[in-house]
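2 protein chains.
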Amino acid sequence: MIEKLALIGIGLIGSSIALRARERGLAKTIAIATRRPETLAEAQALGLGDQYTLDAAEAVRDADIVILCTPVGSYGSIAKEIAGALKPGAILSDVGSVKAHVHKVVGPLVPKGVHFIPGHPMAGTEHSGPSAGFAELFDNRWCILTPEPDQPLEAVETMKAFWRALGSDVELMDADHHDLVVAITSHVPHLIAYNIVGTADDLESVTKSEVIKFSAGGFRDFTRIAASDPVMWRDVFLTNRSAVLEMLGRFLEDLSTLQRAVRVGDGPALESLFTRTRAIRRSIIEAGQETAAPDFGRPHGADTKTEA
Amino acid sequence: MIEKLALIGIGLIGSSIALRARERGLAKTIAIATRRPETLAEAQALGLGDQYTLDAAEAVRDADIVILCTPVGSYGSIAKEIAGALKPGAILSDVGSVKAHVHKVVGPLVPKGVHFIPGHPMAGTEHSGPSAGFAELFDNRWCILTPEPDQPLEAVETMKAFWRALGSDVELMDADHHDLVVAITSHVPHLIAYNIVGTADDLESVTKSEVIKFSAGGFRDFTRIAASDPVMWRDVFLTNRSAVLEMLGRFLEDLSTLQRAVRVGDGPALESLFTRTRAIRRSIIEAGQETAAPDFGRPHGADTKTEA
Ligand SMILES: NC(=O)c1ccc[n+]([C@@H]2O[C@H](COP(=O)([O-])OP(=O)(O)OC[C@H]3O[C@@H](n4cnc5c(N)ncnc54)[C@H](OP(=O)(O)O)[C@@H]3O)[C@@H](O)[C@H]2O)c1
Ligand SMILES: NC(=O)c1ccc[n+]([C@@H]2O[C@H](COP(=O)([O-])OP(=O)(O)OC[C@H]3O[C@@H](n4cnc5c(N)ncnc54)[C@H](OP(=O)(O)O)[C@@H]3O)[C@@H](O)[C@H]2O)c1
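Residue numbers (the UniProt record's numbering), protein chains in the order written: chain Z, 1 to 308; chain E, 1 to 308.
Chain Z with its partners taken away, still in its complex shape (with noise of 0.2 Å):
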């Protein structure tokens, strides 16, 4: 158990680390700090936290561990005021879904003494703020750690064994790597999905009211990601800007073929690329990351309107 935990930045992340690291012990004091009163008031009435303060700078006084729950883009100016307030030894961590700019941005501002830990769960809704929040949210998720090599092997332990005990595994690797592997796990996934559910919103040959009617078929699973917080995820694509046009441009090449597969009947063609990504799903429920559940294990049948 470490004495003081700060968290900056309370919504879906930070409250989740919150709830578990009170239910599993892992800090004797858990410290708050958010940009805007209302979510302090309500990551208080939920008990998320010991200490509550809007000021940043207040809430990493004495603490062991500090992770940034934040928005991308408020990085730089937050470790600026905080920057003097980190005691020496502390470990600064953060949630961010991007990391080589976060190393950029953040990195020349650690003091000497400090350790730099960032890093990112691969978990979350499209959910956000404080009451979206629940323990366990990283149970059986990774998280991926980016330290720069000359940090010290004991604080990459300490936050391995932070997320471990908040139900992760944890993956060390390379910033511009994660940043890879992201752009085509998450952050293309986002972009096709907020596009096509644009694009169905702008059309006039078929009304919104139709879209919204017959979107069982398949359009309705983009827009849960779709969903998700506006500005966290400009923020993704403002700095993460140079993999996501990577893997977007490999994404757009091969729609090309697949457009003209359909364009002139390509069957075999198309029967074979449909036949192979089946196989990814396999591979990803069985490596626990997904449900075996027809439909995600959505509710069918009478209660499906209650439940909405």
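Since the hints were made in silico from the structure, they are not lab data.
A portion of the hints provided could be inaccurate.
Copies of the same chain look alike in the list, so a pair counts if it fits in one copy or across any two.
Once the Cα atoms are required to be at most 20 Å apart in a straight line, the calculated EDC-like pairs of lysine to aspartate or glutamate come out as [stated by the list, open to error]:
| # | residue 1 | residue 2 |
| --- | --- | --- |
| 1 | K208 | D176 |
| 2 | K80 | E271 |
| 3 | K28 | D254 |
| 4 | K112 | D202 |
| 5 | K104 | D202 |
| 6 | K208 | E171 |
| 7 | K160 | E148 |
| 8 | K208 | E246 |
| 9 | K208 | D174 |
| 10 | K208 | E154 |
| 11 | K208 | D254 |
| 12 | K208 | D169 |
| 13 | K208 | E23 |
| 14 | K104 | E58 |
| 15 | K112 | E126 |
| 16 | K28 | D64 |
| 17 | K80 | E171 |
| 18 | K112 | D50 |
| 19 | K208 | E286 |
| 20 | K28 | E38 |
| 21 | K112 | E81 |
| 22 | K104 | E81 |
| 23 | K80 | E58 |
We have chain Z; now place chain E with the ligands onto it with these hints.
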């Protein structure tokens, strides 16, 4: 209650119709025909019907309602096989995911005195075969019927009542318009899901094992529909080509704009699209077409691994 219902094809959709029709007593006799003996034996073991045969013509003899439940590409040859055996006054219907093509291919083969009322239930899962079906599949979903205007009102009303009894809401639509609607709500979503899963599978810079481990960031959502039946989806793209290419064209235009916004770092444009797309999901949830539970209600926590 009708005397005899004939289902030609007994996969996910056919078996779901059979189960609900039995449960609600919609037909005195349910006749089932399919192509392969194994599938017929599976249907029989599940007790889905009253008569089982490999001869579609035999199944439709004396049937009041005949529903084609096979991939759309097989309709032409099946229609030829059964045309002579359809009884005068019978209704011939189907569940195929495209409609203009079905009118074109099957329409001319329908004998005088048989009423042709094509249909498409907007409901499904990624699983296939007789054991994938369940009686609740159509509850609160929409079924679109696309009869030609010259069909007798009574036959249309019979099929409307039939689908309502299965649990669906029913909408009448022109076949060409149907094909445009499903191109954006179902076919293009499937195409881009298949495509991104293919892209991820082909990368060298990111390994397949990384794609699988870190898929919970969004990618795994796409693998569900990209695990759908390859033959069914091959046939969809071969038979709804022009509507799919038109909607794909719109998607690609919009994606170019979005790609440019990422490239130039246009934060306000990104945030504004990402804000707009949230509203559509809310409407879909309000319309009872989607669960409000975070992450589709996927299991989280300790049971995830077991369930998978
Ligand atoms: N959501 C996911 O699925 C997911 C998954 C993995 C990693 N992440 C990463 O986790 C981080 C937080 O995401 P989240 O989903 O927890 O977000 P969230 O639920 O929207 O919460 C964001 C938190 O950050 C604060 N905040 C927002 N803008 C700020 C600013 N400019 N300055 C200071 N504080 C600010 C908010 O405070 P106020 O309400 O007080 O303004 C709130 O406490 C992001 O970096 C994201 O990339 C998210
Ligand atoms: N799956 C969905 O989400 C969904 C939703 C709405 C509409 N639909 C439409 O419903 C229809 C059936 O889909 P499904 O998901 O139920 O498929 P499925 O589970 O794969 O079952 C297909 C059935 O059709 C038979 N079949 C396949 N190829 C055939 C051929 N060439 N000749 C004769 N019979 C053949 C199969 O018989 P054997 O096993 O004996 O070969 C099986 O009984 C398709 O037209 C599809 O477009 C599907």
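Do the hints match the structure? See the list:
1. K208 to D176: Result: close only across copies, 18 Å inter versus 40 Å intra.
2. K80 to E271: Neither: 54 Å inside a chain and 25 Å across chains, both beyond 20 Å.
3. K28 to D254: Intra 52 Å, inter 51 Å, cutoff 20 Å: neither.
4. K112 to D202: neither (52 Å within a copy, 43 Å between copies)
5. K104 to D202: neither (38 Å within a copy, 30 Å between copies)
6. K208 to E171: So K208 and E171 pass the 20 Å test across copies only (16 Å; inside, 43 Å).
7. K160 to E148: Within one copy only: 15 Å inside a chain, 65 Å across chains, cut-off 20 Å.
8. K208 to E246: So K208 and E246 pass the 20 Å test across copies only (17 Å; inside, 32 Å).
9. K208 to D174: Cα proximity of K208 and D174: across copies only (17 Å, versus 44 Å in one copy).
10. K208 to E154: Result: close neither inside a copy nor across copies, 55 Å intra and 31 Å inter.
11. K208 to D254: between (29 Å within a copy, 17 Å between copies)
12. K208 to D169: between (42 Å within a copy, 18 Å between copies)
13. K208 to E23: Neither way: K208 and E23 sit 45 Å apart in one copy and 35 Å across, limit 20 Å.
14. K104 to E58: Close neither inside one copy (25 Å) nor across copies (72 Å); limit 20 Å.
15. K112 to E126: neither (37 Å within a copy, 54 Å between copies)
16. K28 to D64: Within one copy, since 11 Å is at most 20 Å while 73 Å is not.
17. K80 to E171: Classified as neither; 28 Å inside a copy, 59 Å across copies.
18. K112 to D50: neither (28 Å within a copy, 79 Å between copies)
19. K208 to E286: Between copies only: 14 Å across, 38 Å inside.
20. K28 to E38: Classified as neither: same-chain Cα gap 25 Å, cross-chain 62 Å, threshold 20 Å.
21. K112 to E81: For K112 and E81, the Cα distance is within 20 Å only inside one copy (16 Å; across copies 81 Å).
22. K104 to E81: within (17 Å within a copy, 69 Å between copies)
23. K80 to E58: within (13 Å within a copy, 79 Å between copies)
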